[in-house]
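Student: Assembly of the complex is requested from the two constituent chains, each provided in isolation within its own frame, with the hints serving as guidance.
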Amino acid sequence: MSIHHTGPYVPYAVRHAPAVAPVDVYGTIWCAATQAVRRHLERHGVLYRYVDIECDPAAAARLRWTTGGYLSHPTVSVAGEVLVEPSLNELDGALGRAGLI
Amino acid sequence: MEGKPYARRLVELEERFGELEPRIPDCSEKEALSVLHGMVQELWRNLRSGGPAPSPGGLNVEDIADLHRTAPPTEGEAESAPLPAGTRAPHFTLSDANARQVSLSDFAGRSVVLVFYPLDWSPTCSDQLSLYQTEQDEFDRRGVQVVGISVDSLYSHRAWAAVRRLSFPLLADFKPKGEVARRYHVWRTGDGFSERALYVIDEDGTIQYSHVSPKLDHVPDIYELYRVLDRVSAGESAGSASSGRPPQN
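These protein sequences, in sequence, are chains D and W. Heads up: the first sequence runs through residues 1 to 101, numbered per our numbering. Heads up: the second sequence runs through residues 1001 to 1249, numbered per our numbering.
Extracted from the complex, chain W is given alone in its bound form (with noise of 0.2 Å):
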């Protein structure tokens, strides 16, 4: 592979800097020159970018685009195991961003992977989300279709989707709240809302993969997510990928 000419030395410089780390024993010293690096680093990256642009009026759709990166994250442990591969997915119908009823049996015939998110809006969903949608292609070319559900109002949903860019459905298990979240075993009574889980349902209707991940700032391995996907699509049963605690009844 070819490229066109790079800064070399700063390659160099860099490199250089890097084998230096483990040769300088803790200290304060050490922390110091840490922190000057990083602030070499920001400055330049500032410079480059010209600082953050100005926003006469108010905020625009960039900015509340990315107010995901300063907002308080979910955080916790998982509180429960997902269904298991070989279960029938329970059926549900929900209204998505645009009021419009939404079965399971719609997918009938097409693959689904139903991502239950605790909420739209916060830190790790939108990063989630957005990179389903980035991949919209690649679950295209596996004849796959992507739904999120999670407790928000479908008011919410919409907004929400229009600043992300999402284009796949997004389903409002809003009343009564998160009934199908516990249908699937990945309700959270505590926090009022879902674990952050993975359902591959294949075109039968039956679960061939579940996961649900072991903290709720953990998206799940999307590496992982395509071999599934891949499996299913072979005919191959995926399995389960569940936290430690048993199905809940």
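Isolated chain D, as found in the complex (with noise of 0.2 Å):
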């Protein structure tokens, strides 16, 4: 089989995962459940990547993207699984798959 790509992107075979499964937080400053999903992730010692999106218009994009066209916050990706403003106990049961709690 061969892997057809036009593209920048890395064709799988050479991609470098990371060796935890990425968590990512797509939020505002100013979002009560952003600052609860981002200090409940701290709570839990899981590293994420917090991504503002009124300073970030192209991952502001992305996330529309993602969303279907929702610009929704906090959407939070755990190891692949997009979380649409998720409960806390939504998140849990994410980073469980993840093994990330």
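Hints are computed from structural coordinates only; laboratory data are not their basis. Do not rely on the hints blindly, as some may be mistaken.
To be verified - Per label pair, the in silico range of CB-to-CB distance:
#1 W:Q1101 <-> D:D56: 46 to 52 Å
#2 D:L47 <-> W:Q1101: 44 to 50 Å
#3 W:R1165 <-> D:D56: 30 to 36 Å
#4 W:R1183 <-> D:A61: 42 to 48 Å
#5 D:G96 <-> W:G1190: 31 to 37 Å
#6 D:G96 <-> W:R1009: 17 to 23 Å
#7 D:G99 <-> W:A1162: 32 to 38 Å
#8 D:G99 <-> W:A1159: 25 to 31 Å
#9 D:D56 <-> W:G1076: 41 to 47 Å
#10 W:V1061 <-> D:L71: 27 to 33 Å
Bear in mind that the values here come from a model prediction, so they are computed numbers and not experimental data. Note that beta-carbon positions come from the ideal geometry of N, C-alpha and C, so glycine has one too.
Tutor: Have a look at this one:
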């Protein structure tokens, strides 16, 4: 099987996935639910990347692309699962499936 | 940090999907792909959660706690600026959710975070005060008392605190309506409720920090609040972060 790609992305064969499941939090500084998610991750010692969608237009476009057009915050990506405005219980479920808690 | 095995292929597919976004010009096909991706994620999420739990016999407590998620938001620009740091905090005595009279002076010797918020049950207020409840250990660690104030009655406070499991005092600025909010320069006459505002008052009763959210649905940054509390605890002046309008007289 050949892998056909025309863009700059790296094919699976040579892609270096991180040793730990990646967690991205898309949010805003003034959103209480975003703050709650970030603090929840910190309490569990889960490393995450915080993306302020008001400071990063490209990230905002990526979020719309991922969620079907919604600029919803927080949106949390846990090891490929995209959770739009998750409850903390839902977030824990995804973190558990990813082996992060 | 070592983790357990996870669905690496899914991560890679998700990353690849994300990388495609800037390469596709805006068009209806792009929108359709985005919607499909959103549908797949939501379907998967529903399968994982088993969907909403049925509530025979009506709403349960969790349903009521989640009502704010679909409630109309409180919206609007800030109309006032708070009292500046260095001002003596105005005195007040208000009823809490258990009909006890609570005064600012009751907290003498302890720093207070005075949280003015528009209304019980509203979306942003529900999230904001739940956040402070979750963070209670951080406030305790800093020796800080959180106190909420809104124009709601003690009966509303009592029910809302029970549903959201809030343990810090909620005070009823109910009669005369908004009197304490007026003293603190955070009253919104046209709305009949207060701005979303924070005051950090030190153990001597002096305002060390004040903040009015520029928009009603904006919750102050908790990380900034912790920086303020740590500066106050260290004996440094924390200052004001106000909206654009000068203090009312």
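Student: Run every hint past the structure and note whether it holds.
Tutor: Against the structure, the hints:
The hinted range of 46 to 52 Å is satisfied by W:Q1101 and D:D56, whose Cβ atoms lie roughly 49 Å apart. In this structure, D:L47 and W:Q1101 meet the distance hint of 44 to 50 Å, their C-beta atoms being roughly 47 Å apart. Separated by about 35 Å at the C-beta atoms, W:R1165 and D:D56 satisfy the suggested range of 30 to 36 Å. Restraint check, W:R1183 to D:A61: a C-beta distance of roughly 46 Å satisfies the suggested window 42 to 48 Å.
For the pair D:G96 and W:G1190, the supplied restraint of 31 to 37 Å is violated, since their beta-carbon distance comes to about 47 Å. About 19 Å separates the C-beta atoms of D:G96 and W:R1009, a value consistent with the hinted range of 17 to 23 Å. For D:G99 and W:A1162, the hinted distance range of 32 to 38 Å is satisfied, since their beta carbons lie about 36 Å from each other. As the Cβ distance of D:G99 to W:A1159 is approximately 40 Å, the hint placing it in 25 to 31 Å is violated.
Checked against the given bound of 41 to 47 Å, the beta carbons of D:D56 and W:G1076, roughly 27 Å apart, lie outside it. Hint check: W:V1061 to D:L71, Cβ distance near 31 Å, so the stated range 27 to 33 Å holds.
Hints 5, 8, 9, counting from the list given before, are not met by this structure.
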